[in-house]
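Chains A and B supply the protein sequences, listed in that same order. Once you know that position 28 of the first sequence is 28 in the working numbering, the rest is easy, because the numbers rise by one and skip nothing. For any residue, its number in the working numbering is found by taking its place in the second sequence, counting from 1, and adding 1000.
Some clues are possibly wrong.
Claimed, not checked - Some, not all, of what chain B presents toward chain A, calculated at C-beta under 7 Å: (1) 1108; (2) 1150; (3) 1151; (4) 1197; (5) 1201; (6) 1291; (7) 1347; (8) 1350; (9) 1414; (10) 1434; (11) 1436.
Said to hold, decoys possible - Derived coverage of chain A by chain B (criterion: at least 3 residues anywhere in the stretch with Cβ under 8 Å from a Cβ of chain B; other residues may be distant): (12) 95-108; (13) 377-390; (14) 422-433.
Rather than coming from a laboratory, the hints here were simulated on the basis of the structure. Built from N, CA and C at the ideal position, the CB exists for glycine as well.
2 protein chains.
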Amino acid sequence: MSTTTTRTTEQALEGLKTILADRLVTSQSVREHHSRDLSRFPAVLPDAVAFPQNEEEVASIVRVCAENLVPIIPVGAVSSLDGHIIPVKGGVTVSTRDMNRIIEIRPEDMLAVVEPGVTRKQLNTALRATGLMFPIDPGADATIGGMASTRGSGTTAVRYGTMRENILALRVVTPDGTVIHTGSRAKKSATGYDLTHLYVGSEGTLGFITELTVRLHPIPEMVSSAICAFPDVQSAVETVIECVQYGIPVARVEFLDKVAIGGVNAYSKLDLQVAPTLFFEFHGTPAWVAEQSQIAEEISANHNGTGFKWSTDADERTKLWQARHDALWAARALKPGCEVYGGDICVPISRLAESIVAASEDIAASFLTGQVIGHVGDGNFHTAYLIDPEKPEDYAEAERLADRMLERALAVGGTASGEHGIGIGKLKFMRKEHGDAVDVMKRIKQALDPLGIMNPGKMGQEG
Amino acid sequence: MSTTTTRTTEQALEGLKTILADRLVTSQSVREHHSRDLSRFPAVLPDAVAFPQNEEEVASIVRVCAENLVPIIPVGAVSSLDGHIIPVKGGVTVSTRDMNRIIEIRPEDMLAVVEPGVTRKQLNTALRATGLMFPIDPGADATIGGMASTRGSGTTAVRYGTMRENILALRVVTPDGTVIHTGSRAKKSATGYDLTHLYVGSEGTLGFITELTVRLHPIPEMVSSAICAFPDVQSAVETVIECVQYGIPVARVEFLDKVAIGGVNAYSKLDLQVAPTLFFEFHGTPAWVAEQSQIAEEISANHNGTGFKWSTDADERTKLWQARHDALWAARALKPGCEVYGGDICVPISRLAESIVAASEDIAASFLTGQVIGHVGDGNFHTAYLIDPEKPEDYAEAERLADRMLERALAVGGTASGEHGIGIGKLKFMRKEHGDAVDVMKRIKQALDPLGIMNPGKMGQEG
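Extracted from the complex, chain A is given alone in its bound form (with noise of 0.2 Å):
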């Protein structure tokens, strides 16, 4: 394929060019918007940032790329959190901003096939009509290519599943140029390698995912919401296992910490009273929500949670959820001028309660501030350390807190990442998660892009 050893990024702009005309965009600012993601990892500049418009053109990037052994670095929304998107070997940033065509809404088959580009918030308004949701809801509004990529998920994942659980199918460009499909669009196959899965959290290592057949799920007839307070994080997180093995299908359960209360409440002008807390969501026919959420409130009740009132009410659920989705901006209200360090765990939900308070005894200890919330019914949670971007220690210590954090939940048969990723900064946690299968994956990688232009550095080629 190569008819170079050494790489010409030069030649490949040029034949870029020739393939983009004006999409193929050099400016400085194009590229400083292209050289960083939401991470606090430092910005490195691509050579240029690539506008296709549809999967021809990938499939031609892709050639001439590979010719002249130029990295390509997919990208979305630009909204990973671990510096996934950072061209930190240079190279064209290949954006999917014009590849966000809904190209089929299929409410029978309860699918939609959509290119890379389009955003959850977009899918789901063109969506209306059907009654159908595509439901999963990372916080930001992503493109559902980047989501796919990266493994996303959020706090509605307790009932509806992971991107991992809501992909059947993609069409991709393999790092060759090379046009193929995966899955198909039956519910189940038993046919063949899962490549889907494969490509699904490869972290744009693998391939350029060009389109993506997603599972939709109905609109719930009716949707409660509940809050909860309790004594202590052990009781909130009992009460979310009991919860779970009852059956109930919550549709999100979310735990907040004191200080997030407290942040929320500021934030979002609320007066929720300051305990570890629990914001559960509900989803079904009315009688069976109005069942969910009793139930829910007997086990609530059973660990001396306290306040749980639930409402079926719009416009207060909105406030609600708004306000968890905002904890991260109340978080940085609390100490202005700071920025956030962000840390992200799973482990098995037995695991949950010590997890999160030995992250909440580290915060206590720590001269940082910070906050824990969680997606708890997964067993992930996320905390957020409070940091001036100035002060070199005060880095450390959220890097010392973060990773301590992260150990444990190694130890107790967690993963490095719930649904952040791998991007740059957990790459020195593989080995210690995966072992062995690190030299797998390396496998992988080396025979599906032997020449190792998509997105170097990252997942597969390092760690």
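Given chain A, work out where chain B should sit, using these hints.
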């Protein structure tokens, strides 16, 4: 790794004898038992059958076989349906018979850790006291390892997913004898390539699974079942689509055509109306089960379903589902001395009615007797053609009918196998279904099993 470039079977058997003593068996009867599965494909004798007792022994076996270029065929309950475990290139069949320990049950994490030879019924018996269950039910009392390797599913997949959704983690001996682990005990993760899903469904061609961490589900407080007869296939399938779109979490919804109902009536001494029929099952709290049943009854009535009656009587339910599971034997009983040639496709649910109608019309126009039954909530159905094993023309006709059905499935975006897998029988459809993605699969096989010793002549190597 390999110290020879030609296969040296004698040397391998000597080496294995040293490891396994009398658990390396070369008797004719044991080799014959492992020479074929439940499919129509001709038997091929393995050179020997090995019965390791633990992971270390499996790793030693793999190393000896790799050194001598001798094929390894992993085998569980020998209940595969498409020739998966036939040693088409000879070699050593490695049985999981003696690796059937339940290593750990963690009710609070809703997971169990098992060796690959544990069967689903064995696991459910061990779970009784916990209030949890492992719901995947392919019919046969298959091993968990075998079900994982073939990405098995069955009647409950519509509610609980297939093996794809129910395995959290694996331990695998790779083809060079290295032991790796994949996944974790956390419910979700965004770290690294999804090796768990790569091994699930790989039919023993990429490594030997030595341990599985599976998800458990609460045993529902109440179970109800219902039967409903319909004037035609279309009405039955539309009922299913509407139930799924309404968001009713049916635990099972099975379709049986007229021929199947006739067979079931005769075989299981029932007096069901001879018509296209749905069997439903609902899981949940008593109130919720009642509500689901009522909604399903209303939807059925809208599609001219008759005789809908639901029951929570355990004996009645057991009889019904036993009859469903016996449908294959019931079919055979329709024509004494005959054998069954089976088909297994999965299509987008909107194409299910036409797919079933076309399959039925093919049967009606053929000189063979046949029936259609299906896991219709997933768009998955099976044909069973009754053939006289002495008549090559019966065999040829069954193959023609099955292949026609399969071609139609691919034409409407479906898959060549919903749950039985590729084995030998469906290799010829791999490229038709997956196109150039087959080359990606072959590169993965080559990268992970460069000597080609894991279940050779199957998926990833041929097709």
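Against the structure, the hints come out as follows:
1. 1108: At 4 Å from the nearest chain A Cβ, residue 1108(B) passes the 7 Å test, so the hint holds.
2. 1150: Holds. Min distance 6 Å.
3. 1151: Status holds, d = 4 Å.
4. 1197: holds, 4 Å
5. 1201: For residue 1201(B), the interface hint holds, since the closest Cβ of chain A sits about 6 Å away, which is under 7 Å.
6. 1291: holds, 6 Å
7. 1347: Holds. Min distance 6 Å.
8. 1350: holds, 4 Å
9. 1414: holds, 5 Å
10. 1434: Holds: closest Cβ of chain A sits about 6 Å from residue 1434(B), inside 7 Å.
11. 1436: Since the shortest Cβ distance to chain A is 5 Å, the answer is holds.
12. 95-108: Three-residue rule met by the segment 95-108 of chain A, so holds; n is 3.
13. 377-390: holds (count 3)
14. 422-433: Check passed, 5 qualifying residues.
The structure fails none of the hints (numbered hints given earlier).
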